[in-house]
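Enquirer: Taken in sequence, the protein lines are chains A and B. So the first sequence is residues 1 to 432, counted in this note's numbering. So the second sequence is residues 1 to 328, counted in this note's numbering.
Incorrect hints may appear among the rest.
Unchecked claim - Keeping only pairs whose Cα atoms sit at most 20 Å apart, straight-line, the calculated DMTMM-like set for lysine to aspartate or glutamate is:
(1) Lys68(A) <-> Glu418(A)
(2) Lys60(A) <-> Glu343(A)
(3) Lys237(A) <-> Glu418(A)
(4) Lys224(A) <-> Glu65(B)
(5) Lys237(A) <-> Glu176(A)
(6) Lys60(A) <-> Glu418(A)
(7) Lys323(A) <-> Asp73(B)
(8) Lys142(A) <-> Asp116(A)
(9) Lys269(A) <-> Asp164(B)
(10) Lys326(A) <-> Asp164(B)
Said to hold, decoys possible - Stretch-level coverage of chain A by chain B, calculated; a stretch enters the list once three of its residues show a Cβ under 8 Å from a Cβ in chain B:
(11) 72-86
(12) 118-126
(13) 161-169
(14) 400-411
Hints are computed from structural coordinates only; laboratory data are not their basis. What you are looking at is a predicted structure, and each value in this text was computed from that prediction instead of being measured. Think of the CB as a built atom: it goes at the ideal place given N, C-alpha and C, for glycine as much as any other residue.
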Amino acid sequence: MSRRHLAILTAAVLAATTLTACGDSGDSSGAAGKTLTYWASNQGASLEADKQTLQPELDKFEQQTGIKVNVEVVPWSDLLNRLLTAATSGQGPDVVNIGNTWSASLQATGALVEFDDATLAKVGGKDRFVPAALAAAGAPGKPPAAVPLYSLAYALYYNKKAFADAGVTSPPTTWEQVAEVGRKLTGGDRWGLAVEGANPSENAHHAFTFSQQYGGEWFDSAGKPTFDTPQNVTAVKRYVDLMAVDRIVNPSNAEYAQNQSVSDFANGKAAMLLWQAAGSNLKSQNMAPDAYGIAPVPFPAAPPAGGKKVNSMVAGINMAVFKHTKNTDAALEFVKFMTSDAEQVALNRTYGSLPAVATVAGDPAFAAPEQKVLQQTLATTAAPLPQVPDESTFETLVGTAIKELFADAASGRPVTEESVRQKLTRAQQQMR
Amino acid sequence: MATTTSARDVAAPERPARRAAPVRRRSPGRRRSLLPYLLLAPAVVLELAVHVVPMLVGAWMSLRELTQFHIRDWSTAPFVGWDNYRVVLDVDSAVGAQLLHSFGVTVGYTVASVGLSWVLGTTAAVLLQRPFRGRAVLRALFLTPYALPVYTAVITWSFLFQRDTGLVNHVLVDQLHLLDDRPFWLIGENSFVALLTVSVWRSWPFAFLCVMAGLQNIPGELYEAAAMDGAGFWRRLRSVTLPMLRPVNLVLVLVLFLWTFNDFNTPYVLFGGSAPEQANLISLHIYRSSFKTWDFGAGSAMSVLLLLFLLLVTAGYLLLTNRRRNDA
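Can you build the whole structure from these sequences, using the hints too?
Expert: See below:
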């Protein structure tokens with residue numbers, strides 16, 4: 001009896017193993033006939049919209065090369081975790097999108113293919129890429145861990161009609177003017193400015209820009225955190241004061257984390273918005289492109305000593321290849337395709353972002369007022385977030401501290417220099 | 001072993017003939033003693049794979065400096081001894097202070113949630129004990145929260161709790177005029193109340209279900225006898241219902257305690273990855289320490305401490321309740 005059972009069991013196990021082995025033996029030489037898995041970040045109005053944008057391009061790629069690409073669009077809130085899991089387990093997609101601020105953090109895991117000169121040559125060469133965008137793709141002094149795909153920058157979006165009704169003729173260029181104009185525009189159901197107060201990443205981006213303007217840094221040259229310097233305290237307080245003191249931000253914004261601030265701007269509930277390439281998102285919410293104007297992010301009227309003329313991070317999406325892929329050549333082929341002139345024009349036009357390659361910068365697709373402002377910002381006044389391994393931790397800790405400060409401001413508790421410093425100190429102490 | 005013994009026990013006294021037969025058919029020696037182990041093997045392997053090995057790996061990780069630099073090849077992470085424990089237990093440091101804070105929040109949350117769930121569940125079960133028209137509908141309705149997928153239910157709550165557009169404020173402020181100002185529910189102090197509300201809403205149907213099952217097992221004669229002796233509703237509740245429910249309640253409270261103390265889904269879906277301080281439960285805190293700040297060593301140390309705490313409480317609870325049962 002039991003001998004027969006044992007035989008059946010053995011046979012079953014053997015059969016299962018053989019089947020699995022068959023599954024693995026699909027690899028053959030040459031890229032054609034291979035299948036890649038690609039995790040795309042969410043760029044458009046929804047995950048489904050992104051899939052619809054990408055699929056025709058991926059079909060084109062399959063026709064050209066015979067390589068099939070299975071795409072999954074991953075929401076931003078999940079992306080870093082999923083990348084980390086893939087890096088840890090060695091199981092996961094072949095090609096991924098990463099937020100460019102995470103480049104150095106993910107590079108430190110050693111899970112990404114490094115784009116040294118030889119590898120860059122396979123995707124068209126180093127000189128194709130916009131230098132600032134390539135610089136934000138890995139730790140300084142090391143080969144990039146990714147290549148830029150879409151470039152973005154922050155800008156100030158303002159509602160033209162609301163401005164005209166309030167008799168404001170030009171967009172504000174200083175924070176003092178933002179407060180002043182904002183007060184004029186706040187009233188009834190409308191607020192001067194919308195912010196995404198409960199979104200740690202968004203908060204961290206503004207923390208970076210404001211800190212640069214007030215002469216601060218979040219990391220010293222050795223990569224150690226310097227969160228609670230007086231400059232950073234002033235910078236963070238300036239940002240939160242837009243709600244706490246200037247009262248031009250609806251307290252409800254303290255719980256926004258799902259891009260509700262973009263919706264508020266599109267629906268006329270807010271007259272100004274600080275955002276990266278909001279155009280396509282606004283369009284999908286039925287706000288006509290001529291209903292809003294775009295201006296560079298403002299500066300302090302009288303910048304303190306050491307203040308830098310930086311009004312945006314070098315924002316963008318990079319493309320990386322996991323070392324664990326069995327199809328490195330096919331993956332690089334795909335990277336080359338996505339960064340080709342034709343795809344750069346097609347995809348960036350859809351998303352309202354800017355191309356990451358210099359060759360197509362002059363394309364009429366990027367001559368709209370929005371893209372011009374973004375282009376100008378990236379070329380002259382944008383700086384990359386510190387490319388240190390702890391960058392993603394900075395986003396979490398400082399971004400969360402600012403979320404708590406907004407919560408204080410919203411519920412009427414005072415936001416003082418002392419309370420800002422305490423939160424930043426605590427955030428810094430959690431970096432080990 | 002157990003199977004052979006019991007088979008023999010059952011067969012032994014009256015039916016010697018049937019007992020003899022299988023012994024003759026069985027081949028003697030090793031295979032007979034191997035078979036039970038062979039049958040147990042899948043369970044042992046699964047238990048090892050699902051519980052024991054991950055637990056040991058977690059304990060091993062808690063003695064390492066496991067950051068993004070070593071996470072890919074985590075076996076090479078440098079050994080730091082008790083350093084992680086020292087840091088997470090040092091209440092003067094930010095890490096330790098935060099852990100202590102979230103531990104306190106979690107204890108308060110657990111006590112309140114389990115207590116309220118138990119009271120609500122028991123009340124509903126007792127009230128629904130006597131048959132009346134519509135009882136089945138009411139029972140089904142009460143069990144809905146238990147049947148809904150967690151994510152769907154909690155995300156709906158997060159919409160209800162929105163300050164400007166949420167139904168909670170609409171009812172409290174616009175319809176009942178109980179409050180002048182629209183309060184925040186998902187940030188600040190009220191977030192604890194919001195979290196507790198969702199948690200009780202989710203777990204009281206389970207208490208209801210268990211107590212209802214327990215009530216079915218109480219013989220009707222006990223109530224008849226009590227009624228004969230002139231006991232009213234409260235007296236019957238105190239002297240018959242609650243003592244008879246004791247075994248059910250012991251398990252129920254323990255299970256609710258463990259679930260609530262370890263609850264991750266409710267706060268994570270309600271607040272996203274970064275919960276307000278006032279509602280920062282320990283499971284969420286450990287998640288943030290491990291996965292958001294990429295300090296898996298310290299995160300593992302916190303997990304090990306949490307496990308030890310839960311084991312201690314469970315063991316203490318079981319000892320205490322066992323002794324009481326033996327006394328009774």
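Enquirer: Name the hints, by number, that the structure is in violation of.
Expert: 1, 6, 10, 12 and 13
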